[in-house]
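> These two chains come separately, so use the hints to put the complex back together.
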Amino acid sequence: MAASVSSSVSPLPSSGWGPLRRAWAVCAKDAAQELRRRIAAASLFFFAATAVTLVSFAVGPFGLPAEARDRVCSALLWIILFFCAATGLPRAFVREEETGTAYALRKVVSSSLTLAGKTLFNYVLFLAITAVTVPAFAILLEWRMGSAGALVVVMVLGGYGLSVVSTFLAALVAKASQKNVLFVVISFPLLLPLLLSAITATIAAAGGEMASTPIRVIVAYDGAATCAAYLLASAAWED
Amino acid sequence: MLATTLEARELSKAFAGPPLFTKLSFRAESGFLAVRGRNGSGKTTLLKILASLAHASSGSVSVRRGDAELAGDERRLAVGWAGPDLAFYEDFTAVENLRFFGRAGGRPAGEAAIAQRLDDVGLSGAFDRRVGAFSTGMKQRLKIAFSLLFDPPILLLDEPMIGLDADGRAIVEKAVGAQRRAGLVVLASNDSRDFLEPDQTIELGDRETADVRR
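Just so you know, the protein sequences line up as chains A and B, in that order. Under the numbering used here, the first residue of the first sequence is numbered 15, with each subsequent residue one higher. Under the numbering used here, the first residue of the second sequence is numbered 411, with each subsequent residue one higher.
Incorrect hints may appear among the rest.
[What the hints assert, rightly or not] Residues on chain A that point at chain B, a partial pick, calculated with CB under 10 Å: (1) V123; (2) S191; (3) K193.
[To be verified] The list that follows gives simulated cross-link-like pairs (lysine to any residue, SDA-like), each with its CA atoms no further than 20 Å apart: (4) A:K189 x B:S470; (5) B:K584 x B:G573; (6) A:K189 x B:K433; (7) A:K189 x B:S462; (8) B:K423 x A:A249; (9) B:K423 x B:S470; (10) A:K189 x B:A464; (11) A:K189 x B:T454; (12) B:K433 x B:S467; (13) B:K433 x B:E417.
[Claimed, not checked] Some chain B residues judged to face chain A by a derived CB distance under 7 Å, without partners named: (14) A464; (15) W491; (16) D495; (17) L496; (18) Y499; (19) D501; (20) R509; (21) F510; (22) F511; (23) A514; (24) G515; (25) G516; (26) R603; (27) L606.
Source of the hints: derived by calculation from the structure; they are not laboratory data. Keep in mind it's a predicted model, so treat the numbers as computed, not measured. Just so you know, even glycine gets a beta-carbon here, dropped at the ideal spot from N, CA and C.
Here chain B stands alone, though its shape is the one from the complex (with noise of 0.2 Å):
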């Protein structure tokens, strides 16, 4: 049983223009760590970087199972991800999107775990239904089943609510909570309510600013 963490160190990103937030600098190991901030105060750039799905300015973002920096395939499946920029093939059903990304993922999870994956986020109706075909908060529900598919100790989501249901809500509250317990998740939102008593908070405020408190 090996702790993950996930550090951050100096983190700056700058597109053109001002930068979104320097020299931003946390730990984090388990729990709950919120990402607080207005409109374009880079929320999700934020999370992209810790997914490695965006380059930071500058600084690094590490990933530690114990002592050892996880790299490649290894770090990239620790951390799940969700977030507004996150999409499916619509011509595939649910079940297949998520087959094929646990077979490129190497990880190739047996129907009935992908069936419950699916149940879990409430879409056990849509088993067979092209994703093309879904509403919004039903793909918000796969999003959220993506960003479990390969139970990474490290969750992040930006933005969960968006486009769900009370329903959907609750299934994600209550995925948040089993993370929380079981590894860390990292959660951005404009939304209070979205904010469930987390253990760290990032403030990204205005131009350059960031506050880590706990």
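For reference, chain A alone in the conformation it holds in the complex (with noise of 0.2 Å):
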């Protein structure tokens, strides 16, 4: 069963772009989606909205005694921002398979470029959700923060990897039927000791410092889970 024939054809033009622009595009059109219909940004805004209002109606500023405050409001705030990702980071690539717009995307562009420009997105995504999320948090519960800076450091540091993490799980659940209840069920040990160091280091924050233990945890953790989901991009999202 074989034959052939031949001919010749021009050469390829060499590549223009290089994959940090190529990224860029992929980010730029999830973006340009977005803010045309704001489905990922309402419902992860609506349901922080719903989370830290039940949170400060139950809990409230004087349902927890003083000593206890900061070790349950910073565990309560990543639990917030947990489940904010798990409602609306794994859109980035179900999305592109409910829609049928992953065979396009695959076409063209690698997996490890597009999971790199869906994560930039969703970390911008869950960055602008955080700046919203946080100080309404801290103003409900009325909740002193000792160094705003080190919390910065934390959202920024631990956001990241909650970002990479989820973004990849998206890749990895997209075409999976129960891909809400995988992506949690999946999501929960995986991201488990991120969310330990994060909260110990949102409960120094509060407390006025910069803990270098739980940091470089999310350090180390954030550069392993990047490392992970780029060598693993394309088993996550190819056929």
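What follows is the structure, given as structure tokens:
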């Protein structure tokens, strides 16, 4: 079963854009889509608003003993952020599968660049949500932050790890029938080390300290998650 | 001027159940390769495998330029593809879609080049219309424009005439004619009218059989 014919064609021109610009193109496309539909942002904001409001009513500024306030508030804050991520961030890949655009994307750009672009978009989205949620949370619960700078460091580093892992898992579960359940079930054990360190670092920030050990753990986690996501991108996203 | 070659070696593909085809081998550098077969014979799956959009159960596909095997982006962009599963961002216009895919592919096309691509497939009047408002035939034309976006030496077309009117069919026939002169076109279809004197034919028949002939 073999046959052949022959002739010649012009060589392909070399690639014009480097990987960073191509990943940025994917990120910009997701941002443009989000600006037109606002599905992911709206779901994230509404989830965050609902959760913060409920927590503030249930716990309230006077519902917690002073010595437990920092611990409980830190844990509640990261629980809210975790479920925010689970609510909105998977859409980056799920939307491509649901609308059938995944094949076109796979045809022109590698899985690792797609993942990089979508991670960047999700990270920016997460930071935007955090920038609104954290002050609202602190105000409603009258939670005084000892070191706002330390909190920003924790949010920036923790949010990066959360975005990388959430985006990678979104690629992994995008073709599954029970993708939402699968996402939460898989993401919980994978994100647990990050969340525990982030909570510990947030408690320290509330007390006015920059906790070096949990911050180092978060940085290491971010690095490991980035490497793993890059190496496994094609296995997660391609057929 | 190096020849770009598409070669399949002992390709087999099975989902749950009996295989679609086994040990299918062929090699083509230019001209027109037709892929025939009844519904469910594996034409779409074969073209996806050739386009690196699906994995074969066994066997391999290589794309070579001269003696060098292409990989990664070079291979991805050297093989154009359009098929029934291809879809576009419906919130974007046709121009925005092609502009994005050009940038994501690392070869951003200028506005004039994109306009020319769309004009070539008869979509010059729909530059600013959202793809979500396109008819089936218009989307099919956009698929052809997408498949040709990077001027690939190898073009894979899966049922390219679906939903097209007479003008649309003429556009595809013209594109196929140009491509077979410049490189290789592989076209899969159920409709014998779609095959314009192929240089080679792959006949995907009953389970596990495939025939390649010139």
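> Now tell me if each hint is right for this structure.
Evaluated hints:
With a cut of 10 Å, the hint placing V123 (chain A) at the interface with chain B holds, because the nearest CB-to-CB distance is about 4 Å. Of the supplied interface hints, the one on S191 (chain A) is violated, with its beta-carbon coming no nearer than about 16 Å to a beta-carbon of chain B, more than 10 Å. For K193 (chain A), the interface hint is violated, the least distance from its beta-carbon to any beta-carbon of chain B being 19 Å, above 10 Å. For the suggested pair K189 (chain A) and S470 (chain B), the alpha carbons sit about 25 Å apart, so the restraint of at most 20 Å is broken.
Distance hint between K584 (chain B) and G573 (chain B) is fulfilled; the C-alpha atoms sit about 17 Å from each other, no more than 20 Å. Taking the CA atoms of K189 (chain A) and K433 (chain B), the gap is near 28 Å; set against the 20 Å cutoff, the hint is violated. For the suggested pair K189 (chain A) and S462 (chain B), the alpha carbons sit about 18 Å apart, so the restraint of at most 20 Å is met. At roughly 19 Å between alpha-carbon atoms, K423 (chain B) and A249 (chain A) fall within 20 Å of each other, so this suggested pair holds.
Restraint check for K423 (chain B) and S470 (chain B): satisfied, since their Cα atoms lie roughly 11 Å apart, inside the 20 Å limit. Pair hint K189 (chain A) plus A464 (chain B) holds up; C-alpha atoms about 14 Å apart against a cutoff of 20 Å. Using a Cα cut-off of 20 Å, the hinted pair K189 (chain A) and T454 (chain B) holds, with the two alpha carbons roughly 19 Å apart. At most 20 Å may separate the alpha-carbon atoms for a hinted pair to count; K433 (chain B) and S467 (chain B) meet this at roughly 10 Å.
Straight-line distance between C-alpha atoms of K433 (chain B) and E417 (chain B) comes to about 13 Å, which keeps the hinted pair within the 20 Å bound. A cut of 7 Å between beta carbons decides the hint on A464 (chain B): the least distance to chain A is about 5 Å, and the hint holds. Taking 7 Å as the C-beta cut-off, the interface hint given for W491 (chain B) holds, the closest approach to chain A being about 6 Å. With a least beta-carbon distance of about 5 Å to chain A, the hint placing D495 (chain B) at the interface is held under the 7 Å criterion.
Of the supplied interface hints, the one on L496 (chain B) holds, with its beta-carbon coming within about 5 Å of a beta-carbon of chain A, less than 7 Å. Annotation: interface hint on Y499 (chain B) holds; nearest CB of chain A at approximately 6 Å, less than 7 Å. With its C-beta approaching chain A no nearer than about 5 Å, D501 (chain B) sits inside the 7 Å limit, and its interface hint holds. The beta carbon of R509 (chain B) is not positioned within 7 Å of any beta carbon in chain A (closest approach about 9 Å), and the interface hint is therefore violated.
Hint on F510 (chain B) holds. Least Cβ distance to chain A is approximately 5 Å, under the 7 Å limit. Taking 7 Å as the C-beta cut-off, the interface hint given for F511 (chain B) holds, the closest approach to chain A being about 5 Å. Below 7 Å, beta-carbon pairs count as interface contacts, and A514 (chain B) has one with chain A at about 4 Å; its hint therefore holds. Taken as an interface hint, G515 (chain B) checks out: its beta carbon lies about 4 Å from the nearest beta carbon of chain A, inside 7 Å.
Look at G516 (chain B): its Cβ gets to within about 4 Å of chain A, closer than 7 Å, so that hint holds up. Violation of the interface hint for R603 (chain B) is found here, the shortest Cβ-Cβ separation to chain A being roughly 23 Å, above the 7 Å cut-off. At about 15 Å, the closest approach between the beta carbon of L606 (chain B) and any beta carbon in chain A exceeds 7 Å, and the interface hint on this residue is violated.
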